Structures are given as C-alpha cells and as structure tokens.
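*Asks:* Count the sequence shown with numbering that gives the first Met the number 0 and you get residues 0 to 422, in order.
Worth flagging that the hints you see were computed from the coordinates, not collected in a lab. Please note: incorrect hints may appear among the correct ones.
Quick list of in silico lysine to aspartate or glutamate cross-link-like pairs, DMTMM-like style, CA-CA up to 20 Å [unchecked claim]:
| hint | residue 1 | residue 2 |
| --- | --- | --- |
| 1 | K105 | E83 |
| 2 | K310 | E290 |
| 3 | K105 | E222 |
Just so it is clear, the structure is predicted and the values come from calculations on it, not from any experiment.
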Amino acid sequence: MSGANGKKKVWLRAVVVLAILGAAGGYAFRDEIALKLGAREVAQAETAAPPPAPKPPSITVAAAERREIAQTLVVTGTLVARDEILVGAQIDGLRLDEYLVDIGDKVQKGQVMARLDRDMLDVQLAQNASSIAKSEAAIAQVNAAIAEAEASRVDAEAALKRADTLKKTGDVTLEIAQTRETAMRVADARLRAQNENLKVAQAERTLAEAQKREIELRIARAEVRAPAAGIVASRTARVGQIVGMSGEPLFRLVRGGEVELEAQATEGRLHSVAPGQSVRVEVAGIDQPVEGRVRLVSPVIDPQNRLGIVKISLPADRGLRPGLFARGAIETARREGVTVPHSAVLYGPSGARTQVVENDVVAERLVTTGLHDERGVEIVSGLVAGDQVVARAGGFLREGDRITAVPAAAVTADAAGQQGSAP
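Hey, can you work out the whole structure from these sequences and the hints?
*Replies:* Encoded structure:
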C-alpha cells in the first residue's frame, strides 16, 4: 500500500513540473509573438508616414559693399645705384701710393680718394723750369741782337743818304754809293733775321710753358678726387698697382647715396605703370617697408623674356644698399566702387558671374569686374551695394537652389568665439 502511494506521489510531481514548464513556454511564445507583431506594426507605420523635408544647406553669404579699392601690381627686382659714378686714374703709368677711402665711406665732391707716385712728374717739372729759363735767356739774347741790328741799319741808312746827296754833286764815286747801298740791304736782312730768331725763341718759351701746364695737370691728377658727393660702393684700388686710363675704375660711387629698385614687369601689365605712381617696397633684411615712386618706365620690351624695366626711386639714408632683393607693390589705380570677395566670383566661357541669394534662393548673375586688391574685386556692373552673394561660389550650387544663408560676419564671429574659448 505504501509502495502504491509512493508511485502516485512521483507521478503527481512530474505532472506539476510539466504544467509549470508548459506555462512558462506559453508565456515566452506569447511575448515573442507580441514583439514580432509590434515591430511589423512600427515598420508599417514608418513606411506609411511621409519622410520629413531635408533642411537646406547652410551657405555663407557676403554683402556687396561700396568702398575705396586700390589695384596694385607686384614687381620684384634688385636695388641698384640710381647714378653710379666710375672713378679712375686720369693719367697713365703711375704707381698707386695710397688710397684714403674704402667701401661704405661717404665722400664729398673734390675729396682726395687716392694718391699716385709723382716723383717722376716732379723731375719733369724741374726740367721744364730749366727749359723755360733757357728760352727766356734766348729771347733776351735775340732782343739784344735786334737792338744791335737796328742800330746798324740806322747807321747804314744815314750813310746811304749822305752818299746819295754827294752823288748828285759828284763828290762821291759810284762805287762808294753802291757799297753803302749794299750795306743798307745787309742791315735790313740782319734785322729781319733777328726778328725771326725772336719769334723762334718766343715759340720755344710758349712750348715750355705749355709743357709746364701739362706737367702741373698731371701732378694734379696724381691725386684721384671724387667727381661728386656720394658713397663708395666698391674699391679695386690696390697699393703698388700701375694705373692707367684704360684700366678698370679704382672706385665706384653711388651719387648722393641714392639707390633705386630696378624691377621687371610683364608686357601685359607694363602699360598700367606710369612715372609718379606710389610704390610700397619691401626690402630683404629691412623690417619696415619703404615708400617709393615710379621714376622711369622702359619704352622697350626685352624680346627674350617679354619683360620691361621699371625703375622706382627710394629715399636716401634708409640703410638701402645696391644688390639687395626687393619686392614692390605699385598702385596702378584707385577709386570707389562695389566690391565682393574674390571667392564670390566665378569665371567661365560666358564671362564672370556671381551667385546672388534672394529669399534664400540662389540665382546666377553675370557681372563685369574691374579693379582687384587683397580684399576683393570690383563689380563694375551686375551688382549693387547690399546684394547678398555666395561667399565661396562653386559648381555645387545651381540656379534656383534653396539654401540657409549664413552671413559671413556671423561665421567670422563664431569662429573667433570658438578660438577664444579653446584651451
């Protein structure tokens, strides 16, 4: 009896366990079915609902503004002496004794820059003085001979007159009269000869005096002097060298210390450059820019590189030296006009155009451009001040596209705020 009861209890327990498991499985299956049904309903709901309209892209716009615009032409070149003076020897064959100035020294007009050996010239001057004294002595001797010849002629003339008188009365023979006439002719000839000798002696003295002036000039040129005030740019003078007029210059001067920028401009832009235009020059090694002016525009173009020369005068005494590299910005035009950023203008076969924004809708508009500067480009026609244009125009926008316009000033302010808050 007890065994039967035990089996009955075991069966009851098994039934209870199965019931519990069945109930749990039912609940799990019910939940899974519910989840599947819910997901299907959500998907059906999403498919049935229309998608929200996409938000127009945010595009930075800039306002066309009226302002003064100055167009510049950038040129590069080298600083050169505005007027270079070559200083050399004006005499041949002398040895250089000393030079008194060097590179970088300032000199005044007439200042002695070098001295040549003048010993030989001093000897020549002494010899010339002897020649002059000799010629003067010869002149004195000839003058004495002339005086003697004149006296002889006077005596001969008087004797001839007496003979002529006596010949008329028959108191003198014909032979005596002829002798006195011959003596008169000899006296005349002697006087003429002495006068010619005087001319020769005077010519010799004139020649000696001219030689003296030449020697004195050579002595003066033995001192090499500055022909004008300036700064010594180079020196080739060396003590002991034999100088010559055909040799290389002993010194090179920058007249008045004035240098200028010798720059080159392309043939297509050279026509816009004119003397008198202001130029902002940046020189290598000098912190502050220098203000200059166009002095000369070359009338010819180099056929090899198609460039023309532009010479720009610069102020003196600014530490400017020939040979320095420099960059100049020539202001070729200045006026007031409507401008937009460079990036707001598109260029194509049909010309220049901008993308104007009206009521957040893009519209392309053809424009005529004018001057350019660092900030933007002038719009001669096609826009008015206040028109909103796409700041960075591009092919990603088309006519009629709707956008969300963001003023460039707001973008700049936001970027500045983010930069300021950055750690």
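*Asks:* If a hint holds in the structure, say so; if it does not, say that too.
*Replies:* Hints versus structure:
1. K105 x E83: holds, 14 Å
2. K310 x E290: holds, 14 Å
3. K105 x E222: Judged against 20 Å, a Cα distance of about 18 Å means the pair holds.
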